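Colleague: One line per chain: the protein sequences are G and B, in this order.
For the first sequence, the positions run 1 to 433 when my numbering is used.
For the second sequence, the positions run 434 to 866 when my numbering is used.
These aren't lab readings, by the way, just hints derived from the structure by calculation.
Take these hints with a grain of salt, some might be off.
Reference excerpt, derived from the structure (chain G facing chain B, CB under 10 angstroms, subset only) [claimed, not checked]:
1) Leu36
2) Asn55
3) Phe208
4) Tyr211
5) Met304
Restraint ranges, calculated between C-beta atoms of paired labels, are given here [unchecked claim]:
6) G:Ile427 / B:Leu497: 25 to 33 angstroms
7) G:Arg193 / B:Glu504: 25 to 33 angstroms
8) B:Glu631 / G:His196: 41 to 49 angstroms
9) G:Leu16 / B:Val797: 27 to 35 angstroms
Here are some of the chain G residues that sit facing chain B, going by a computed Cβ distance under 7 angstroms [what the hints assert, rightly or not]:
10) Thr63
11) Ala103
12) Val219
13) Val298
14) Arg342
A quick note: this is a predicted structure, and the numbers were derived from the prediction, not measured.
Heads up, the beta-carbon is just placed ideally off N, CA and C, and yes, glycines get one too.
Protein chains: 2
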Amino acid sequence: VEAGDAAALEALLEPLHPADIADLLEQIDGRDRRALLTLWPGVMDGEILSELDDNLREEVIATLAPAQLAEAISELETDDVVDFIEDLEPERQAEILAGLDAADRVAVEKALAYPDYSAGRLMQVELVRAPEDWTVGQTIDYLRAAETELPEQFYHIVLVDPRMKPQGYVQLGRLLASRRDVRLSDITEDSFRTFHVEDEQGAVAYAFNQYHLISAPVVDDDDRLVGVITIDDAMEVLDDEHEEDILQLAGVGSESELSDSVRETMRQRLPWLAVNLVTAILASVVIGLFEETLVRIVALAVLMPIVASMGGNAGTQSLTVAVRALATRDLGSSNSWRVIRREAVVGLMNGAVLGLAMAVVTMVWFGSPLIGGVIAVAMMLTLFAAAVGGILIPIALERMGVDPAIASGPFVTTVTDVVGFFAFLGIASMVLA
Amino acid sequence: VEAGDAAALEALLEPLHPADIADLLEQIDGRDRRALLTLWPGVMDGEILSELDDNLREEVIATLAPAQLAEAISELETDDVVDFIEDLEPERQAEILAGLDAADRVAVEKALAYPDYSAGRLMQVELVRAPEDWTVGQTIDYLRAAETELPEQFYHIVLVDPRMKPQGYVQLGRLLASRRDVRLSDITEDSFRTFHVEDEQGAVAYAFNQYHLISAPVVDDDDRLVGVITIDDAMEVLDDEHEEDILQLAGVGSESELSDSVRETMRQRLPWLAVNLVTAILASVVIGLFEETLVRIVALAVLMPIVASMGGNAGTQSLTVAVRALATRDLGSSNSWRVIRREAVVGLMNGAVLGLAMAVVTMVWFGSPLIGGVIAVAMMLTLFAAAVGGILIPIALERMGVDPAIASGPFVTTVTDVVGFFAFLGIASMVLA
């Protein structure tokens, strides 16, 4: 392919799905990518562009003439256009908007006026609606007449009253299976629910998943129908939120992509490591309090990382369960007390089991039952603190309006390290002094 | 509600969505749940049962008479019934199957014969198909005549040839918008793709997400149409897989639920903590090699956990990015070398920045530029090892056919701890001896 054979390249890529071509572009390195883009301008297709990672998309867009770009974008539905341009610089946005036809431009500008991560940014304005007093026959005739203006995919017809308030929706399957004289209002679905333009996208995705929705109308402040959100958009939001949670728990920026540069990757990870350096230093200060004891009994220095490491792992377990349960709304005020109690008991019991095992290892290794006893008690205390901290800290952060996935980690590590070193070295100092 | 007022309870719960009632049942504790179930047998509704967590569902099912259960189940589509009974004991399964009508029973039994986590278990057999030579008019007439036998929700009509091989599908919206004399074969969708009954559910969910599918036909070994998978089922699989990844990365059993008992929770977490105890002991053995140095320079004992902790965090960052990228198929042979190189460089550079910062802290704290230099070099080496281990270990596990989300953690921790302690104490012994 790098031989510069444009025709062969086109023959190879043409049959692929836009999403696969986008993945290919993301996986090859920068030089190959630029070569490919020069060889085959067909890549500048709107659908391929909208499948690209954000940062790559900017790179590719930068190589395009405004007219080319506007043409590529004009094929997309409004929600994809919004997703496309919301992260671009204002002047680039203006250029692209100028290239759209008037109706689309107004729709996109309106969507951009809604807050980030709101339903208004997610919805498409292309939808099919019908007056609530129409019959099946009238609707089918209308659809046949409007053929070319229909959205590419739609699953429901939204019934509206004369003031454009959505009153229900009809599944296309029901519509097809009903006689022409049946009224639309007699075959509406029970699952009907609407979202407000300023609803959070996360809440929308949750509702789609919870209530098995396929599409749902979006209304403005006056309860008037302004757009529709479909399940594939909701699925993408859900996917992104999961990705964010998992990356944030690990201290990797939520926008991290595999195609990021070294510099970008450092910028994402260094702050988290710096925070952890501070908490690690804090733990070392605790150890420093017991320097004298460490010099006298060097076995303590050898064993102390075990206590802290076990605490860290147990804390991560509780923390992850808590963060996930908060994200999926399984953990609420009605059951938090029961879950906290469960975590505390599990922490104590795991601490007892592993503490005893470690006591045996210590006795065999250092021949000291006393140090064995100390490590057993220290592990129980640490795993208890880890479990309770692992669940209480995310709950507290959530109540304070802070995303527990980002902020919980360092707090929990600090708790487990400080408690771990303090318990082990403190008890040892008392018992062995 | 606990006052035993059944009528008030029913009035309260009746308007709720089955999924919300199921959540409610999961969040209240065991005693309240049993009281509620006795008060309001309406809970035994099939849809509510199918929304419950697996372990709670078994608890609730155990309280039901077989006839009651069969009735609750008979309202469900076959894929929900399969999801429902696949985890039950064989005798319980037989009881429920006996209560189904013949056609459903055969369909469910057939689905249970497919492997766990296969497309065959996910699909529903209720679908709408049409011969490929039909026109729009014929299809609509057929749908109107078949009204009562249609699936509750469907989005496409699958075109089949006389031997029942799927040839394409037609979106209902296109069908509605076309004139009666248009042939179905002229309005099929490009996005058409079929799955085999034994395809993995994860691969199916990936394809739905990647290609924005809404529904897709499933075929058997002879390429004959046997069922259809819809996007809501794919969304659920995707959700479950995410959940599994995040829980397994944290060393929590992938089946962990918030409603699990203390005993169940211990059983899930203890093995992971035990594995970590072994790796922590291994790290301690490394420290033990340097006992003499530690006794002479106690500052080393105070500082060494910092090096290991930073290595652990940096390793988790690389590891999480690698595990996620493998799961979403963004990381493949074409780009693994580039990503490994990136991680290595980022690890070295983050190590250099943080190592220098720590050197300054050490000089101020212990007044020893030499120990400061040692910790800077040790941190660079450790963060480099963490980054490379964090990416190579998951890739290697994946190639060996082991799920990297489960197994990578302990390996990476071992690498970072051993390298961290060995580098710091080893260099210190050489330089300061």
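Colleague: State for each hint whether it applies.
Modeller: Now for the hints, and whether the structure bears them out:
Because the closest C-beta pair between Leu36 (chain G) and chain B is about 13 angstroms apart, greater than 10 angstroms, the hint is violated. Taken as an interface hint, Asn55 (chain G) does not check out: its beta carbon lies about 14 angstroms from the nearest beta carbon of chain B, beyond 10 angstroms. At about 8 angstroms, the closest approach between the beta carbon of Phe208 (chain G) and any beta carbon in chain B falls short of 10 angstroms, and the interface hint on this residue holds. Annotation: interface hint on Tyr211 (chain G) holds; nearest CB of chain B at approximately 6 angstroms, less than 10 angstroms.
For the restraint placing Met304 (chain G) at the interface with chain B, the shortest Cβ-Cβ distance is roughly 7 angstroms, inside the 10 angstroms limit, so the hint holds. For Ile427 (chain G) and Leu497 (chain B), the Cβ-Cβ distance of about 52 angstroms falls outside the hinted range of 25 to 33 angstroms, so the restraint is violated. With their beta carbons about 28 angstroms apart, Arg193 (chain G) and Glu504 (chain B) fall inside the hinted range of 25 to 33 angstroms. In this structure the hint that Glu631 (chain B) and His196 (chain G) lie 41 to 49 angstroms apart at CB holds, the actual value being about 44 angstroms.
In this structure the supplied range 27 to 35 angstroms is violated for Leu16 (chain G) paired with Val797 (chain B), their Cβ-Cβ distance being about 58 angstroms. Interface restraint check for Thr63 (chain G): the shortest CB-CB distance to chain B comes to about 21 angstroms, outside 7 angstroms, so the restraint is violated. For Ala103 (chain G), the interface hint is violated, the least distance from its beta-carbon to any beta-carbon of chain B being 20 angstroms, above 7 angstroms. Because the closest C-beta pair between Val219 (chain G) and chain B is about 20 angstroms apart, greater than 7 angstroms, the hint is violated.
For Val298 (chain G), the interface hint holds, since its Cβ comes within 7 angstroms of a Cβ in chain B; the closest pair sits about 5 angstroms apart. At its closest, the beta carbon of Arg342 (chain G) sits 6 angstroms from a beta carbon of chain B; the interface hint therefore holds under the 7 angstroms criterion.
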